[in-house]
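A.B. asks: Sequence lines, in order, name chains A and B. The numbering of the first sequence is my numbering, which starts it at 1 and goes up by one. The numbering of the second sequence is my numbering, which starts it at 152 and goes up by one.
None of these hints come from the bench; they were simulated from the model. Wrong hints could be hidden among the right ones.
Facing chain B, according to a computed beta carbon distance under 7 Å, are these residues of chain A, among others [to be verified]: (1) Leu-28; (2) Ala-32; (3) Glu-33; (4) Lys-36; (5) Ala-37; (6) Ala-47; (7) Ala-50; (8) Tyr-51; (9) Trp-55; (10) Ile-56; (11) Ile-59; (12) Gly-62; (13) Arg-71; (14) Ala-72.
Beta carbons: idealized from backbone N, C-alpha and C, even for Gly.
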Amino acid sequence: MGSVLSIIMRLFLGGLFILAGVLKLNDLQTFAEAIKAFKLLPEHVIAPAAYGLPWIEIIAGGLLILGLWTRASALLITLLLAGFTAGIVSVILRGIDTKCSCFGELEWPCSGDVGRCQIIRNSVLMLAGVIILAVGPGRFAAESPRRLPVD
Amino acid sequence: MSIGSTIQKAVVIAALGAAAGYAHWALRGPINLAPDKSVTTTIELDDPMAADPVPVGVNDSEPGETAATPATTTPATETPPPAAPRTLTLGFEITLEQAKLLHDRSVTFLDARHAAEYEAGHIQNAFQLAADELPTDRGQQIVGMLPMGQPIVIYCGGGDCDASHNLANRLQQLGFTGTHIFVDGYPAWAGAGLPVEVGPGMF
Numbered sequence: 001m002g003s004v005l006s007i008i009m010r011l012f013l014g015g016l017f018i019l020a021g022v023l024k025l026n027d028l029q030t031f032a033e034a035i036k037a038f039k040l041l042p043e044h045v046i047a048p049a050a051y052g053l054p055w056i057e058i059i060a061g062g063l064l065i066l067g068l069w070t071r072a073s074a075l076l077i078t079l080l081l082a083g084f085t086a087g088i089v090s091v092i093l094r095g096i097d098t099k100c101s102c103f104g105e106l107e108w109p110c111s112g113d114v115g116r117c118q119i120i121r122n123s124v125l126m127l128a129g130v131i132i133l134a135v136g137p138g139r140f141a142a143e144s145p146r147r148l149p150v151d
Numbered sequence: 152m153s154i155g156s157t158i159q160k161a162v163v164i165a166a167l168g169a170a171a172g173y174a175h176w177a178l179r180g181p182i183n184l185a186p187d188k189s190v191t192t193t194i195e196l197d198d199p200m201a202a203d204p205v206p207v208g209v210n211d212s213e214p215g216e217t218a219a220t221p222a223t224t225t226p227a228t229e230t231p232p233p234a235a236p237r238t239l240t241l242g243f244e245i246t247l248e249q250a251k252l253l254h255d256r257s258v259t260f261l262d263a264r265h266a267a268e269y270e271a272g273h274i275q276n277a278f279q280l281a282a283d284e285l286p287t288d289r290g291q292q293i294v295g296m297l298p299m300g301q302p303i304v305i306y307c308g309g310g311d312c313d314a315s316h317n318l319a320n321r322l323q324q325l326g327f328t329g330t331h332i333f334v335d336g337y338p339a340w341a342g343a344g345l346p347v348e349v350g351p352g353m354f
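Same shape as in the complex, but just chain A:
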């Protein structure tokens, strides 16, 4: 049961993070402009963050799907989501109207300027991360020991 739950959550969260990373890399200029619009990072940190974050998402998402360093990937993804959510909350509190660019040009499942929808979405994704942290990689993971056929 735990293994099935784990692989479902891993495929869901890992797949979404790979998608998010690839879509951001597809239009780095827009992603960098979105980071700038959040007005949280100093100017000289924006470009490194725009290049680094998508790759972290892709690598962590890939490891999660493969089931390698599963809990570490889930932890990193959950922390990233917590950070993104804090950024979104701060943008809303400061009354800044901006797009999230979380999934590049694909506005799914939230469209328009950042708001409650993005916070709920990130909370659901964080829940998936916490489930993987709790359940662990399960049987269907590259890091799990193979059971030899008993014959």
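Position chain B against the provided structure of chain A, taking the given hints into account.
C.D. replies: Just chain B, lined up with the frame of chain A:
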């Protein structure tokens, strides 16, 4: 698996991602986020084609009104008009009065906000084009119609909004040298009672 080793591995994954990002940056180069602010445009103030003669914003009278004044009442001591046309050089960021001068001269206006805000009200004859729409087919179509080397006025919602600067930056990278930002944007234009339109644009 201990908590300590999980955290260590998470840090290693983050470092790997950062390294990949660094390699990507080294291959592709920096991301330019700040437009070139040295753009200038010089216009003739006595342009007979302009609808409203200078001073702008000071005199709210109808354009024809000053011309209606009988010439015979003009005292002989008044200085004659200068022979050379008076000009005004505009910087990268322009004011409401300067934006109106350019609008009167049929300069292209771009609304850098998204479609919903544009449709709720925009400067008359402005095209809607948000920076992140540039790579789309529609964005490319609009870019293809913009006058290269001519002034283009870009605005957004005024105040804190970055959208017009982002669009100016991207258009400059495509070779458009005449981009100007109307800093106070749509709220100031509409607030001054200047011509606006509602609804979707032609493109």
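A.B. asks: A separate judgement is required for each hint: does it hold in the structure or not?
C.D. replies: Against the structure, the hints come out as follows:
Residue-level restraint check for A/Leu-28 holds (minimum Cβ-Cβ distance to chain B is 6 Å; threshold 7 Å). Given the 7 Å rule on beta carbons, the hint for A/Ala-32 holds: about 5 Å separates it from the nearest Cβ of chain B. The beta carbon of A/Glu-33 comes within 5 Å of a beta carbon in chain B, closer than 7 Å, and the hint placing it at the interface holds. At a threshold of 7 Å, the smallest CB-CB gap from A/Lys-36 to chain B is about 6 Å, leaving the interface hint in force.
With 7 Å as the threshold, the beta carbon of A/Ala-37 comes within range of chain B, its nearest partner Cβ sitting at about 5 Å, so the hint holds. For A/Ala-47, the interface hint holds, the least distance from its beta-carbon to any beta-carbon of chain B being 5 Å, beneath 7 Å. About 6 Å separates the beta-carbon of A/Ala-50 from the nearest beta-carbon of chain B, less than 7 Å, and the hint is met. The interface hint given for A/Tyr-51 is met, as the beta carbon of that residue sits about 4 Å from the closest beta carbon of chain B, less than 7 Å.
With a least beta-carbon distance of about 4 Å to chain B, the hint placing A/Trp-55 at the interface is held under the 7 Å criterion. Because the closest C-beta pair between A/Ile-56 and chain B is about 3 Å apart, less than 7 Å, the hint holds. Checking A/Ile-59 against chain B: minimum C-beta separation of about 5 Å stays under 7 Å; hint holds. Hint on A/Gly-62 is violated. Least Cβ distance to chain B is approximately 10 Å, over the 7 Å limit.
Annotation: A/Arg-71 was flagged as interfacial toward chain B, and the flag holds, the nearest CB pair being 5 Å apart, inside 7 Å. A cut of 7 Å between beta carbons decides the hint on A/Ala-72: the least distance to chain B is about 3 Å, and the hint holds.
Checked against the numbered hints above, the structure violates only hint 12.
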